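Colleague: Here is what each chain is made of, one letter per residue.
Number of protein chains: 2
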Amino acid sequence: MDYILLTPGPTPLPPSVYKAMSEPILHHRTSEFGEQFSRALEDLKYVYRTKGEVLMMTASGTGAMESAVVNLLSPGDKALVHQTGAFGERFTKIARAYGLEPVVVDEVWGHAADAEKLRAALKKNPGLKAVFFQHTDTSTGVVNDLAGLAAVVREAQPDALVVVDSISGLGAEELEMDAWGLDVVITGSQKGLMAPPGLAFAALSERAWRAVEAAKLPRFYFDWRTMRRSLPNKETPYTPAVTLVAAQAEALRLIREEGIENVWKRTAALAAYTRAEVQKMGLSLFAKDPADILTAVNLPAGVDGKKLIKDIRVTEHISIAGGQLHLDGKIVRIAHMGWIKKADVDAGLKALAKRLQPTHA
Amino acid sequence: MDYILLTPGPTPLPPSVYKAMSEPILHHRTSEFGEQFSRALEDLKYVYRTKGEVLMMTASGTGAMESAVVNLLSPGDKALVHQTGAFGERFTKIARAYGLEPVVVDEVWGHAADAEKLRAALKKNPGLKAVFFQHTDTSTGVVNDLAGLAAVVREAQPDALVVVDSISGLGAEELEMDAWGLDVVITGSQKGLMAPPGLAFAALSERAWRAVEAAKLPRFYFDWRTMRRSLPNKETPYTPAVTLVAAQAEALRLIREEGIENVWKRTAALAAYTRAEVQKMGLSLFAKDPADILTAVNLPAGVDGKKLIKDIRVTEHISIAGGQLHLDGKIVRIAHMGWIKKADVDAGLKALAKRLQPTHA
Numbered sequence: 014m015d016y017i018l019l020t021p022g023p024t025p026l027p028p029s030v031y032k033a034m035s036e037p038i039l040h041h042r043t044s045e046f047g048e049q050f051s052r053a054l055e056d057l058k059y060v061y062r063t064k065g066e067v068l069m070m071t072a073s074g075t076g077a078m079e080s081a082v083v084n085l086l087s088p089g090d091k092a093l094v095h096q097t098g099a100f101g102e103r104f105t106k107i108a109r110a111y112g113l114e115p116v117v118v119d120e121v122w123g124h125a126a127d128a129e130k131l132r133a134a135l136k137k138n139p140g141l142k143a144v145f146f147q148h149t150d151t152s153t154g155v156v157n158d159l160a161g162l163a164a165v166v167r168e169a170q171p172d173a174l175v176v177v178d179s180i181s182g183l184g185a186e187e188l189e190m191d192a193w194g195l196d197v198v199i200t201g202s203q204k205g206l207m208a209p210p211g212l213a214f215a216a217l218s219e220r221a222w223r224a225v226e227a228a229k230l231p232r233f234y235f236d237w238r239t240m241r242r243s244l245p246n247k248e249t250p251y252t253p254a255v256t257l258v259a260a261q262a263e264a265l266r267l268i269r270e271e272g273i274e275n276v277w278k279r280t281a282a283l284a285a286y287t288r289a290e291v292q293k294m295g296l297s298l299f300a301k302d303p304a305d306i307l308t309a310v311n312l313p314a315g316v317d318g319k320k321l322i323k324d325i326r327v328t329e330h331i332s333i334a335g336g337q338l339h340l341d342g343k344i345v346r347i348a349h350m351g352w353i354k355k356a357d358v359d360a361g362l363k364a365l366a367k368r369l370q371p372t373h374a
Numbered sequence: 014m015d016y017i018l019l020t021p022g023p024t025p026l027p028p029s030v031y032k033a034m035s036e037p038i039l040h041h042r043t044s045e046f047g048e049q050f051s052r053a054l055e056d057l058k059y060v061y062r063t064k065g066e067v068l069m070m071t072a073s074g075t076g077a078m079e080s081a082v083v084n085l086l087s088p089g090d091k092a093l094v095h096q097t098g099a100f101g102e103r104f105t106k107i108a109r110a111y112g113l114e115p116v117v118v119d120e121v122w123g124h125a126a127d128a129e130k131l132r133a134a135l136k137k138n139p140g141l142k143a144v145f146f147q148h149t150d151t152s153t154g155v156v157n158d159l160a161g162l163a164a165v166v167r168e169a170q171p172d173a174l175v176v177v178d179s180i181s182g183l184g185a186e187e188l189e190m191d192a193w194g195l196d197v198v199i200t201g202s203q204k205g206l207m208a209p210p211g212l213a214f215a216a217l218s219e220r221a222w223r224a225v226e227a228a229k230l231p232r233f234y235f236d237w238r239t240m241r242r243s244l245p246n247k248e249t250p251y252t253p254a255v256t257l258v259a260a261q262a263e264a265l266r267l268i269r270e271e272g273i274e275n276v277w278k279r280t281a282a283l284a285a286y287t288r289a290e291v292q293k294m295g296l297s298l299f300a301k302d303p304a305d306i307l308t309a310v311n312l313p314a315g316v317d318g319k320k321l322i323k324d325i326r327v328t329e330h331i332s333i334a335g336g337q338l339h340l341d342g343k344i345v346r347i348a349h350m351g352w353i354k355k356a357d358v359d360a361g362l363k364a365l366a367k368r369l370q371p372t373h374a
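One line per chain: the protein sequences are A and B, in this order.
Final position of the first sequence in our numbering is 374; the numbers increase by one with none missing.
Final position of the second sequence in our numbering is 374; the numbers increase by one with none missing.
This is chain A alone, in the form it adopts within the complex (with noise of 0.2 Å):
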């Protein structure tokens, strides 16, 4: 059965992903694996816009974002998570799984950070070993404004690191790692990447590998430095999805051939369009400062809104994502990353007409 699907994650896979996935098995210690997987992580060095190295796990994001904790951290180190919705808080839950205390900057959900108040905090908690910020938050429909973040964490504390979590962002929404001084980025490959879930990527500056080094927090399958030996030799530690990195490496082939700021643009496009379109339909916009890798849309006072994504599920075969904790039910989140063109919003959208203003149906 065919589904449109308009989730921001798993997203929709160009048809020569679905191809690559079922070409014949490799095996992961050939030099057939290891031309897809070194080419494929020199094209993640180009979609994230840095010269520094590209590591590769298999893992979901949420293993990439533990890996970020653990390879830069000790014990008693500070650190300050900035929170603009459920992904910025699992960085802080992470972070006290592994006996550490952070800091917690909130933003209100739907506010992107704001650089005054991240100002304060800085000055307020000297000494932090790293700052840890989301790019987009899919939770929320937010972008972060990266450069600016970074520019204030450097002036008020030059020596820490700057993380961030572009799960939901990279190969979607404009990032720039090295011009803006970003020390390490975690992304997945299952959103702007264009590739099932199950692989997870991390970028590194100079300076945070000095951190990986130093850092003493336990870490075994994640530990960045075992990754590193094994990147001359063109492959991994461990057995990695061999068919996701196929899937991956056809997947970046398509980006690079379309070239990364026409991403930026054409997801750019999506969102303004699906922002204009909802509101012509009486509805207002849940974020703030909103990204373009999805549009969050409040739903009219009275709709359950767990029912009506279920109904246009299982009616007609779109997936429309909810809320998130205390948003479930009050918010839909039509996403536009990777491979969602203008026709599945569009269905998505009459989807949604047809059931919030049924006279006009």
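Just so you know, these hints were derived from the structure itself, not from any lab.
Among the hints, erroneous ones may be present.
A pair counts as met if it fits within one copy or between any two copies, since identical chains are not told apart.
[Stated by the list, open to error] Lysine to any residue pairs mimicking SDA-like chemistry, simulated, CA-CA at most 25 Å apart:
| id | residue 1 | residue 2 |
| --- | --- | --- |
| 1 | K320 | S44 |
| 2 | K247 | T328 |
| 3 | K32 | R266 |
| 4 | K137 | E48 |
| 5 | K319 | S243 |
| 6 | K229 | G112 |
| 7 | K106 | R238 |
| 8 | K91 | K229 |
Given the structure is predicted, the values throughout are model-derived calculations rather than measurements.
Starting from the known structure of chain A, fit chain B onto it as the hints suggest.
Modeller: Here is chain B on its own, set in the frame of chain A:
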């Protein structure tokens, strides 16, 4: 290009497993995915021969090994690792990465675990929290008598948990989790389970769960408690590798259709055939206690195993594994698990014979 894979993971995939992966991708918070996911876990209980719960992780097998260490142990805990090859050593390395110093019992590579040696080690080291075993070690091609070893542990230290790495064994070599009294058995998707690499599993006894609740090592992504809490909703805590779950569900359907006892018998017959053919060729077996999952073969002195394997792969498109660590270049390993057929093994043996017996070619 079509390859014959005789490597012990990834192994070749059945055609219907490729097909399952190329179905339109499902969102992981839908009832459609939930049904597929919970069916796979139910079928895994059948393969594990357990009434206990089975958990799924998006990770390599090494991730599942780490999950066993961090979910069962606390700082200062005493544990014993029984090493019969390269993969046994991995448990030791993981435990050390988390600050533990396990007792290590080493067998000569190629020999299965000796019950008397284990009994002596258990006597000498009272108060063990867990004893870690390999079911089959793919680096040496041996199989351990888990039923017997578990009985030795129960007799000597009834409170010690019996933890088994059956990444390469499950679904190919006989294993009776409940009947043999195994507390934790981990495995991976890419060997006997006939799916691509990227998923790992853990099955737990009730007393293993009590240990998990009490354990104090830090964990987040690999936290079994979080995974268990998601089971009633037929979901995973974080975005799983959905295409691999589709593949795994289909592969398990095939195993159930054939019957697990028939799978064991078929694998054993292919292994017996291979051992006989190899010896007819004048070659000797490396393992003194050979497993059914693969046959490790000594190469004649003076043969460069690495060159041999590369030559076979490049010219005949047959992937045979070499030796690991100190066995590199000295042995070859021909796998029998999963979808590997007699015709594949025959092609591999012919390619070997041609190169090792040039006058008979």
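Colleague: So, for every hint listed, does it hold in this structure?
Modeller: Hint-by-hint comparison with the structure:
In the homo-oligomer, the alpha carbons of K320 and S44 lie at most 25 Å apart only across protomers (13 Å), although the nearest pairing inside one protomer, at 50 Å, exceeds that limit. In the homo-oligomer, the alpha carbons of K247 and T328 lie at most 25 Å apart only across protomers (22 Å), although the nearest pairing inside one protomer, at 46 Å, exceeds that limit. Both within a single protomer and between protomers do K32 and R266 lie at most 25 Å apart by alpha-carbon distance, with minima of 14 Å and 23 Å respectively. For the homomeric pair K137 and E48, neither the shortest alpha-carbon distance inside one copy (48 Å) nor that between copies (50 Å) is at most 25 Å.
Proximity of K319 to S243 under the C-alpha cut-off of 25 Å is restricted to the inter-copy arrangement: shortest distance 19 Å between copies versus 46 Å within a copy. Taking the shortest Cα distances, K229 and G112 sit within 25 Å of each other both inside one copy (12 Å) and across copies (11 Å). For a Cα distance limit of 25 Å, the shortest separation of K106 from R238 qualifies both inside one copy, at 24 Å, and across copies, at 15 Å. For the identical chains of this complex, K91 and K229 are neighbours both inside a copy (13 Å) and across copies (22 Å), given an alpha-carbon limit of 25 Å.
Checked against the numbered hints given earlier, this structure breaks only hint 4.
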